[in-house]
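Asks: So the protein lines, in turn, are chains B and Z. Residues 23 to 268 (this note's numbering) are what the first sequence spells out, left to right. Residues 1498 to 1908 (this note's numbering) are what the second sequence spells out, left to right.
Since the hints were made in silico from the structure, they are not lab data. Careful, some of the hints might be misleading.
[Stated by the list, open to error] Here are the simulated lysine-lysine pairs, DSSO-like style, with alpha carbons at most 30 Å apart:
hint, chain 1, residue 1, chain 2, residue 2
1, Z, K1745, B, K144
2, Z, K1859, B, K114
3, Z, K1839, Z, K1536
4, B, K103, Z, K1745
[What the hints assert, rightly or not] Output of the computed footprint for chain Z on chain B, the stretches with three or more beta carbons under 8 Å from beta carbons of chain Z:
hint, region
5, 71-85
6, 207-217
7, 250-256
Where a beta carbon is used, it is the ideal one built from N, C-alpha and C, also for glycine.
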Amino acid sequence: MKCFTYDGSFSGLLTCVYEAYYIEMPDKIEKALIYKPNFIYQEEHIETDMDKYRKVYMALKEKVSEHSLKNIYYVYLSEAKDCDTLILKYIKLAFKLGPRTDLYHNNEIVMSIRQLREKVSKEALRMLEFIRFKNINNLYYSSIEPDHYVLPIITNHFKTRLPDQNFIIHDLKRNEAAIYNKKEWMIIPFTREEGEKLINKSDQVFYEKLWRNYFKSISINERKNEKLQKNHMPQRYWKHMTEMME
Amino acid sequence: MDINEKLRILSAAAKYDVSCSSSGGTRQNTEGGIGNSFKSGLCHSFSSDGRCISLLKILLTNYCSYDCAYCINRISNDVERAAFTPEEAADLTINFYRRNYIEGLFLSSAVFKNPNYTMELLIRTVRILREDYRFNGYIHLKAIPGADEKLIHTAGLYADRISVNIELPSRESLKLLAPQKNQDSIFNPMKLIKNSIINNKKDLVLYKSTPKFVPAGQSTQLIIGATPDSDLSIMNMAENLYESYKLKRVYYSAYVPVSNSPKLNGILRAPLIREHRLYQADWLLRFYGFKAKELLDENNPNLNISMDPKADWAIRNIEKFPLEINKASLKSLIRVPGIGLKSAERIIQARTVSGIDYDDLKKLGVVMKRAKYFITCNGKWRGEFSFREALLKDRLSLGFQENMYQQISFF
């Protein structure tokens, strides 16, 4: 059986889709970094080609729908197991069904795509809520470890909201950071050590203390319900949240 | 007094106000400004009682000249008192906002000196935020009952939402527990806010530069369980507030004994399950097209504790079921227990491209555990037993009886 591998970029993934139609339909697509050679699959590495990427992108936009295109992008960001292969299946289906693809809620592939997209949207929303900035000499730094690769879809929110402050949103899991300099933002490689160096310089804990203080006193003890709290705010996010640190 | 102390006292004094929502705002950031609204609101944290923390919720001061029996800040109560200056409150808001702790400010106050004086202090705070800091985040202000109309109108030009708390569901209860407030001092400002919102919408059509008045609408809060008012009178009141006063939200707050006033002696904490059922019923009014009189009536004045109000309604109206999934309208689909707005919409969408099979329903997000008794799919019914009221009641109830009402505990 055939497995395409690619460089892990979204344009690389859509290039694979292009080649699937022009060379051979693979049984699997996998990021080259994750792929482990095995006896079942025969690997073919696909080089990212921006022209081919654009062709697939435009075809999806025009022949299917922007909604479906967004689905594909979000599922790509999910980094879920076998999501690349799922995307290929979805695209094959979408080119057959056209603009009405996403109305087939009872189709297994459409359903899986919708569920993954919802997972990514949900986590992105949670990041908008749970990100905590530390003020380090007027540089606002925050660290996160999201399940999905949400950095590209959350940063703009902070740019429009806090346009006059320099900020860094550091994804520790992926060793990347979105940095913003009061004009524009970009995603760059950023290690854990670089992040730790920054935090060590931090000394403005006045408002952090106030916030922890507020967090405690706003709770109604007679209604204590920690299970509900954890449902809304899963524990895996706590270690980066000011009010949940000791 | 240290700012930490003030924050501790004045947030603890504000915590019994339920509302913390930041939804419905449409404010965009401006050139050189800070902040914007997020349409559906954002919950930045959740406190250990499981409630959303979206806004910095504080009283400007808890020095109060009123003596409302249900209220922790009443003049006759011996509690720590504190007051923020408007500058301090604004500074806290901005610094919390910059760190992404909050969506904005929910500012309320005890009645300090008199209603007008208090209202002016609140306005000064939001003016600092909007004009000095050019803050475009969410601001929820409490209208102080009895404050001058002009002041409430001014406040509305700065705030995204204004609320006037009704507190108690009937005139009699109010008289008993809040002698200095009366229903007019509560409903008059509500009327005023409603009319100003309507006029403002007209003006916005005519003049583009008109400042928006309370763009996220108004809300209110009722304390339940401190007085003998029934769910029927509460839901009727809520319905009236949504329809005639165009309120965005009515909040229900299960009474927590915060005082040992003789007027409230012996009243226990209201069960949280009652509050929960009221919210469910409230949702049915606002999003599911139900009327209060469908859910409750004179013979049935309180919501069923053991079953959610939609299931309860469906069982009492068993003749309307089962419903054929492939034919029913959106309006009737959302009345089926186990089918929500989203799954109903998916059913309608999927129907435009293909028929729906019984096994598809789960994929569409229908909760079959509850829905299966009330639907057929291509004529198939899989409710497991014969379609009778008593059997259904048994299956759908939470598994406890009416006499356990007082024992239910969530902790």
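Asks: Confirm or reject each hint.
Replies: Results for each hint:
no. : hint                : result
1   : Z:K1745 <-> B:K144  : holds, 25 Å
2   : Z:K1859 <-> B:K114  : holds, 24 Å
3   : Z:K1839 <-> Z:K1536 : holds, 19 Å
4   : B:K103 <-> Z:K1745  : violated, 42 Å
5   : 71-85               : violated (count 0)
6   : 207-217             : violated (count 0)
7   : 250-256             : holds (count 5)
Going down the numbered hints, you'll see the structure goes against 4, 5 and 6, while the others check out.
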